[in-house]
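Got chain A sorted already, so can you dock chains B, C, D, E and F with the ligands onto it with the hints?
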Amino acid sequence: MRRSSTARALVLGLAVLLLLPTGAMADTFNAAGKGLPDSVGINSLWVIVAGCLVMFMQAGFAFLEIGFSRGKNAGTVVAKILTNFSIAAIMYWTVGFAFAFGGEAGHIIGSHGFLLRDFGDPQKAFPIMGLSDATVESKWFFQFVFCAVSLAIVWGTTLERIKFGVYVIYAVVFSALIYPIASGWVFGGGWLQSNLGMQDFAGSTAVHLIGATGALAALLLLGPRRGKYHPDGTARAIPGHNMPLFGLGVLILWLGWFGFNPGSTLGALDGRFTEVLIVTQLAASAGVLGAIATARLKTGQIDIGMAGNGAIGALVAITAPSGYVAPWAAVVIGFIAGVIVPLGVYAIDRKLDDPVGALTAHGLCGVWGTLSCGLFTLPSLARYNAVGDPGLFYSGSFGQLGVQALGVVTVFFFVFAASFATFWLIKKTYGMRVTADEEDAGLDISEHGMYGYPEQFIPIPELVGYGAAPHVATPAPAPAPAAPVSTTKEVTA
Amino acid sequence: MRRSSTARALVLGLAVLLLLPTGAMADTFNAAGKGLPDSVGINSLWVIVAGCLVMFMQAGFAFLEIGFSRGKNAGTVVAKILTNFSIAAIMYWTVGFAFAFGGEAGHIIGSHGFLLRDFGDPQKAFPIMGLSDATVESKWFFQFVFCAVSLAIVWGTTLERIKFGVYVIYAVVFSALIYPIASGWVFGGGWLQSNLGMQDFAGSTAVHLIGATGALAALLLLGPRRGKYHPDGTARAIPGHNMPLFGLGVLILWLGWFGFNPGSTLGALDGRFTEVLIVTQLAASAGVLGAIATARLKTGQIDIGMAGNGAIGALVAITAPSGYVAPWAAVVIGFIAGVIVPLGVYAIDRKLDDPVGALTAHGLCGVWGTLSCGLFTLPSLARYNAVGDPGLFYSGSFGQLGVQALGVVTVFFFVFAASFATFWLIKKTYGMRVTADEEDAGLDISEHGMYGYPEQFIPIPELVGYGAAPHVATPAPAPAPAAPVSTTKEVTA
Amino acid sequence: MRRSSTARALVLGLAVLLLLPTGAMADTFNAAGKGLPDSVGINSLWVIVAGCLVMFMQAGFAFLEIGFSRGKNAGTVVAKILTNFSIAAIMYWTVGFAFAFGGEAGHIIGSHGFLLRDFGDPQKAFPIMGLSDATVESKWFFQFVFCAVSLAIVWGTTLERIKFGVYVIYAVVFSALIYPIASGWVFGGGWLQSNLGMQDFAGSTAVHLIGATGALAALLLLGPRRGKYHPDGTARAIPGHNMPLFGLGVLILWLGWFGFNPGSTLGALDGRFTEVLIVTQLAASAGVLGAIATARLKTGQIDIGMAGNGAIGALVAITAPSGYVAPWAAVVIGFIAGVIVPLGVYAIDRKLDDPVGALTAHGLCGVWGTLSCGLFTLPSLARYNAVGDPGLFYSGSFGQLGVQALGVVTVFFFVFAASFATFWLIKKTYGMRVTADEEDAGLDISEHGMYGYPEQFIPIPELVGYGAAPHVATPAPAPAPAAPVSTTKEVTA
Amino acid sequence: MKKIEAYIRHEAFEPIRMELLSLGFPSLSISEVKGSGRQKGITERYRGAELTNYLRPKVKLECVVADRDVQTIVDTILKHARTGAVGDGKVFVLPVEESYRVRTGESGEEVLQAHPDAAAATT
Amino acid sequence: MKKIEAYIRHEAFEPIRMELLSLGFPSLSISEVKGSGRQKGITERYRGAELTNYLRPKVKLECVVADRDVQTIVDTILKHARTGAVGDGKVFVLPVEESYRVRTGESGEEVLQAHPDAAAATT
Amino acid sequence: MKKIEAYIRHEAFEPIRMELLSLGFPSLSISEVKGSGRQKGITERYRGAELTNYLRPKVKLECVVADRDVQTIVDTILKHARTGAVGDGKVFVLPVEESYRVRTGESGEEVLQAHPDAAAATT
Ligand SMILES: Nc1ncnc2c1ncn2[C@@H]1O[C@H](COP(=O)(O)OP(=O)(O)O)[C@@H](O)[C@H]1O
Ligand SMILES: Nc1ncnc2c1ncn2[C@@H]1O[C@H](COP(=O)(O)OP(=O)(O)O)[C@@H](O)[C@H]1O
Ligand SMILES: Nc1ncnc2c1ncn2[C@@H]1O[C@H](COP(=O)(O)OP(=O)(O)O)[C@@H](O)[C@H]1O
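Residue numbers (the working numbering), protein chains in the order written: chain A, 6 to 498; chain B, 6 to 498; chain C, 6 to 498; chain D, 14 to 136; chain E, 14 to 136; chain F, 14 to 136.
Just chain A, same shape as in the assembly (with noise of 0.2 Å):
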């Protein structure tokens, strides 16, 4: 029963598939060719190259939920990620990318650009994108990892209990319609973005903000974790099992991040990639000390966890201003962002079980962070970008502020509205949660029959070698002889 509803699960996507030829059999490539301009080729291979570095962020968050995990659920993860990218890849193909980018200015549901066909000229079909003559399939990359981060961050309130086959429905769901739309408005060419002039550069709220409400809905109709909370209610801790597989996806994050921001210039001619590129480092930075002193001020640790999540928390702030502010205010605004990360797990932590503080450091972050604009964008930048006014600093106006937090507001009710409704009718019909049983034991060895770490959870002795050594079974009373390569030396009485 299980097994079939999986499998049915699974034949979503597959579905997908099968009616790709039809009426595919065309060459659909048009953009690329000889004898074009030399920029056509510089800036697809900025976009291109910044595309590969955010499609390696789906390597830093399988670690930064793998370091957070029990050694027990460590190599779901692995699987859930390739299946959520690849899902990703296929829906935003055939329908995702026209969605968000293939309409009018102000659209609402783009119309055109499904499987990357038959839209004309591309500079005029996907028009928000016009400013870069990038081609559009590097640009298609771009946006397809931007979709494939945000679908990544919505699992990180679910980890340790949730079906399997949750993933492959939702993640259906989610980059075919959810994000598609709700990103579409923002930095799609949407109407938040050319009516009313919201900011957001790189996706604080496009793409952080999306994925954050996805895992808050889910997490709201999950539950915590068997034994996160005592009897009374005060929560225990569930440490991850390991902090250097951690440390390894924060800073594979760190690094994508450079594609991220400074990769939606989507050009690289103009220079202007660069600039965005030291105020997100500059952010980052901040954030790590923030997050460390305050963690240290409330806790008196050196806080592993809070250094890593104060970072990603603060590029996540800086991801909408990072094309609109100065170096100074990504200082402020990192910092600030490092600040509200250990304030806002500590909190949550006491009434919602996240494991790896995703609802702080894309959700909190992510507000925080489109809201900034409001206050540091610089005159400069909102005149070079076309969109919206200067922050309240320069401006004396609450004006753009006011566009920024209604621009949240929108996206946040839009996305919590639209994923409830996904994972309640899940719940309702397939089921969100395993067994208590499999919860106890892994999902790992529950969901897919085998341990992350055989050799820890189910060791058989002459498989693993513990005690035997190169010379074990000799005869000889004095063995040390029979291992001639490696140096051992046995010493007997």
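Hints were generated in silico from the structure; no laboratory data involved.
Warning: the hint list may mix true and false statements.
[To be verified] Straight-line alpha carbon distances no greater than 27 Å define the calculated DSSO-like cross-link-like pairs of lysine-lysine that follow:
(1) C/Lys-433 to C/Lys-233
(2) E/Lys-15 to D/Lys-15
(3) B/Lys-233 to E/Lys-15
Below, chains B, C, D, E and F with the ligands without anything else, positioned relative to chain A:
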């Protein structure tokens, strides 16, 4: 005796070095300099960036192998990958590149470009790469990392029982002769490519099948790991020790493929690399879904390893057609490769002990990918690349399919014969396999003298620190105050 | 007391932040904008990509250190690397970059470019980098990540016993003063470079020797780890806990070096970066072979750690000459560095406790690499770079060799004096070392309040999940049916 | 003095520990063991092949008590360790001739004396 | 009732387990120990320095059986655990006063009764 | 013959091992255990929440010796294991009825005989 023979093996690698300086004193650099057309810099930039992504695949293969190995054999993979990568660089620089690319169209073996010197005009010297004006140094690096990938693939079947010295000897032969010759035929402008019109854009055959063929030859002479088969011949599972590290490997490989295929355009200015990239992404995604669904139906599990192998298999399959087919075809090619992976692994595992599934992912999928050009190659892209004809679905002709099949068979037999002979000689003289005791103890301790995870295999209490606490030795009955930094609280009766 | 003093240490880092906004309200961006020549975008693109590769080396150093540490000290490395990297960014932005590059040719210390503001024409403001028209932001980022690499090197000798606060304090001093001044002399257009003609293309001295010198000063004041030396003074091995993660670090560093050296061209259009890259690759490869062979002859083992250290040592050695020498010379330089590594490590280990071999890989090999310019620099490249003269083998003159030696000695003494003084002050006031009990328990629990691997050090049965199975609590005698998803079969009598 | 050795399921230990503590028996040790009995092991599949693990992880609980306390301890263990399914485990009682408390060097029964105050200690 | 404690090599365990099972003694527990005896440890080298490990990993096998079965068990262990090299280990026999089966609460010898059917179970 | 079981701190083991060796008692085994006693556990904080671990890691030392040697062993353990703080642990003495050396199959006291030469062995 073992010692001296491994030493002898090493000397091979070193001998090469001592020969170098002779007559190489001249300034070998001539490709680059001030006042070149921009296109040289731009195209070289993309080739170098792509080459760096491919170089990083060494880490991908290392962690894929580490994850699928037992903990007692995890460290040796690190020494192996570093040694192989290094030998390949020296050999491919001295002779390999020249053999592969330094010949006229249709050559059997190249004749110039040794040590990257005295080749005259680089565009003429390496005609097949003349389409790109990237510097010859950037092209050398790109082709060298391909050689290193192919070599890394060879060892997937040999984990956990092979003698380290075998790596050294075969690596020299492979990167100096076997790979350069065979890959030169297929994409170095050799006879299969230039005379027959075989299509292999980035090396499904030229890199992956060659590697997998060497892996098969090694495995046949090496035999299975101890304990892999029950006395009655039925296979028994030997689980790898670390699925998260396996996942790291897969994600790094996926990233690397964005250099592998799109980089094979050897230039950025025509924008083609962006089209090749999305074709690659779509195929890989379909491969994951195909593999997961197939394994799910066969075993009832969402198999973590198969999800990863599915991605690899699909990436291998799309490597040849990535420059020739449309996105929809990529999805089909990748999905079918994904289906092939679990079926191939289950079938092969019954008789051959291939711990990482290299024979399936790189062998079977490499064949499928090469043949798929004969089905899906677009007329426009056959023209664009000026190699071969459109595929069956467009031309209605089996011609190209036949050429592809011929190429596969030719390469397989050449590489298998050369590799089998090499390994056979090694087995007769130096030996291929460690002793049973060494295998039981693991290669880390027996070949390298120290475990990859010493604290797990030879824990030394006072070093490891179990049970120690910041305040343990404090004589005070309630030692808590003694631990000011950590918030550790000790409760006593 | 410890708490408040660490807090005080942190405040240093934060104070910086509070000073920032003052007078920084202006739009600081001027380097970039529409209508720039393509070359700006292209060269900036390469500098940024190279900078990202170098930034990722932080992960390389982290995992090299983690792998060589014991499990009880693995987590602290993550907090350390994030904190150091962040402090370095803030300090290098506020003052470091200005001190290093903001001066006339031959300067002792730069005078403008603080906060990257008010420096007028960037090409004139930072004359030594005037050869490249990449944006000043891209150059800042590239130079900053070099500073962060140098700082990361410092801590290799201090693992497993240093107080966290020491990182914070020294990081501020190092990235604000010590590194900028000394590196400015060598490759910032300072007196050693501009007046004496010292050749150090990418920083064998300016980055690696500076870091290793700081590491030596720290080590002399810190002393060895408990248990490292027997009462009789003989050294005892303290094996690192994770060779696979060590290998990950090495491979990431290797990749990073393709940004480190080739990126030091600060541009792509002359194609030189491709030549620098293959020189780097060949040297690293020779280094691995040299180190393996040497260690093999000395100990009879294929030493995994030495293979990695050999790569690093060779990469360090080729850093200075990478822009000056021919490929064959790179092979010789790298191979010799590879031989130096094990010999240096064995010798130093007898008296000094350097867990990762930083003194050898970055110190001795840094010196060797710097001197090697005096032997192998090509006439053509000395001209091309317009720094110094050809090496002994070409010119027959010891002149350049003498200049290199003088540079090495000068930098060593300046950095050693400054670092020793700083650490001495820290030791007297704040203290450098944790207590013996804290060291025995490990830095993770004593400095950070939680183990890096909690399940190994404080396993809590019901959380970890050993022994739990999807069907354990099922009262049925044959529980198999209770585990539908996993194919777990239970056999009962 | 007697030594009680019990092989039980992991999840049974925490309730046992808590009740023993409240009864004034805080002193015990546990270790990870693997065992077989009626319950014969478990077969997993990995990449298509089978892997049978004939041993199942259990917790071994060791506790030395005065003769008069043996029954209390055994009953507590039996009460919490029973699920009714195979694999619940066994409890054995072995004779002990002497006991020493390292901290004080004292020996004999008082080394084992229950700590009535102990129950409060962890609240 | 007696408890047999054997310290043996890892590779010796599987054959012992199988024969005991076929003899109808499926019930036993093992754990990882480290020990020293005649066999005194092992010296490795790491980055040039020596590391002596005075203890070697062993498997500790524990099995409680009825008095009449002790010799069978001991002989089986001795038969399979012997390589003739130092480090083969030791076997000890300790008295046991009482046994309980947790699942049923029953006590006494029948708790230990051999399961003649057990042999078949895993085939 | 008696079996000595001691639950001690990790850092106490090495000095004990060395002195026993020098006294001619090289034969012993240790294993990792977790226990509670007077010493009641430890509370850590992680991301703001508390985590109480009621058990502390200890080393369990097992050593079977001839009756006449029991006191020597016990005294050696007590001497080195004592710090005076709670958590020092306990030592128990259990009766042993028979011993076998696997390598030779011989049984009885001589299996346990001290190795006066052993001390030298590791120098
Ligand atoms: N005679 C014995 N000697 C040692 N350990 C035993 C013995 N009998 C059972 N055990 C331990 O108890 C665990 C459960 O025993 P089992 O026989 O499966 O329980 P049940 O008899 O209730 O089915 C085994 O895994 C083993 O660790
Ligand atoms: N008296 C003993 N008490 C506890 N364990 C012992 C004793 N003698 C031996 N052992 C265990 O048996 C293992 C092998 O003992 P050893 O003396 O090396 O075998 P042999 O006597 O055949 O050489 C030791 O590593 C230890 O774990
Ligand atoms: N009665 C007992 N049975 C089994 N193990 C015990 C017993 N008493 C103590 N221990 C072991 O000894 C360790 C230390 O005991 P503890 O009571 O804390 O020492 P102390 O009595 O010196 O304070 C415990 O963690 C436990 O492992």
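Hint by hint, here is what the structure shows:
1. C/Lys-433 to C/Lys-233: At roughly 24 Å apart (the allowed maximum being 27 Å), C/Lys-233 and C/Lys-433 satisfy the hint.
2. E/Lys-15 to D/Lys-15: 15 Å, holds
3. B/Lys-233 to E/Lys-15: The given pair, whose Cα atoms are some 37 Å apart, is violated under the 27 Å limit.
Taken one by one, the earlier hints fail for this structure only at number 3.
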